[in-house]
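Work the whole structure out from these sequences, hints included.
Spelled out, the chains give:
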Amino acid sequence: GAGVSQSPSNKVTEKGKDVELRCDPISGHTALYWYRQRLGQGLEFLIYFQGNSAPDKSGLPSDRFSAERTGGSVSTLTIQRTQQEDSAVYLCASSPTGARYNEQFFGPGTRLTVL
Amino acid sequence: AQSVTQLDSQVPVFEEAPVELRCNYSSSVSVYLFWYVQYPNQGLQLLLKYLSGSTLVKGINGFEAEFNKSQTSFHLRKPSVHISDTAEYFCAVSDRVSGGSNYKLTFGKGTLLTVNP
Numbered sequence: 004g005a006g007v008s009q010s011p012s013n014k015v016t017e018k019g020k021d022v023e024l025r026c027d028p029i030s031g032h033t034a035l036y037w038y039r040q041r042l043g044q045g046l047e048f049l050i051y052f053q054g055n056s057a058p059d060k061s062g063l064p065s066d067r068f069s070a071e072r073t074g075g076s077v078s079t080l081t082i083q084r085t086q087q088e089d090s091a092v093y094l095c096a097s098s099p100t101g102a103r104y105n106e107q108f109f110g111p112g113t114r115l116t117v118l
Numbered sequence: 039a040q041s042v043t044q045l046d047s048q049v050p051v052f053e054e055a056p057v058e059l060r061c062n063y064s065s066s067v068s069v070y071l072f073w074y075v076q077y078p079n080q081g082l083q084l085l086l087k088y089l090s091g092s093t094l095v096k097g098i099n100g101f102e103a104e105f106n107k108s109q110t111s112f113h114l115r116k117p118s119v120h121i122s123d124t125a126e127y128f129c130a131v132s133d134r135v136s137g138g139s140n141y142k143l144t145f146g147k148g149t150l151l152t153v154n155p
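For the record, the sequence lines run as chains A and B. At position 23 of the first sequence (counting the first as 1) the number is 26 in the working numbering, and the numbers step up by one without a gap. At position 101 of the second sequence (counting the first as 1) the number is 139 in the working numbering, and the numbers step up by one without a gap.
Quick caveat, the hints were computed from the structure, so don't treat them as lab data. Heads up, a few of these hints could be off.
[What the hints assert, rightly or not] Selected chain A positions facing chain B (in silico; Cβ < 7 Å):
#	residue
1	Q44
2	L46
3	F48
4	F68
5	G74
6	E106
7	F109
8	G110
9	P111
As the structure is a prediction and not an experimental result, all values here were calculated from the model. Every residue gets a Cβ at the ideal spot worked out from N, C-alpha and C, and that includes glycine.
What follows is the structure, encoded as structure tokens:
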């Protein structure tokens, strides 16, 4: 079946601009995660959505970052007033309930470059 | 909070040689451990996971890992590697998200495995 998809695959923007990154999770997966992968670093947790519960935003690095998940499916990560240090690959993952609830399925990522 | 240390940032090996990628983690009451692989220009894919039970876990593509609680390690091994195993490997530890039944992951910085002919 279809995996997690993300768009765009690449985004180049100028410092100070706002960007929106999109994630389409696997159909039926209740949990959705955003991670950031900077060059030479591991993945950093950003935010987590689970069903209709309030999201866990504990990983968001500043108030310029926000995310929403509409209808329990598609999610958008928004970065306002982008800075050069925001350059990274942004990864989305989703996971199901049931026996495989602790397995996260990752999308291919969006590579963001801030000039 | 959890933390993960991958001791080697790069591991070059020759084809058909054995390989071990090292991973150590900070201790926790309830530890779930994972290895993910990222092939060039692809997303992360789960290799294997340890939740409970047998400390030797087998995954896809002939990889296995052993959970060692006393040494807080979860090293990944393969007895004979192929060119196609060239990829970046990430060790991860679960960290329970408050109020939820799913688990957010804390990742190591990754180990780039390069298999040479």
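Quick check: which numbered hints come out false for this structure? 4 and 5
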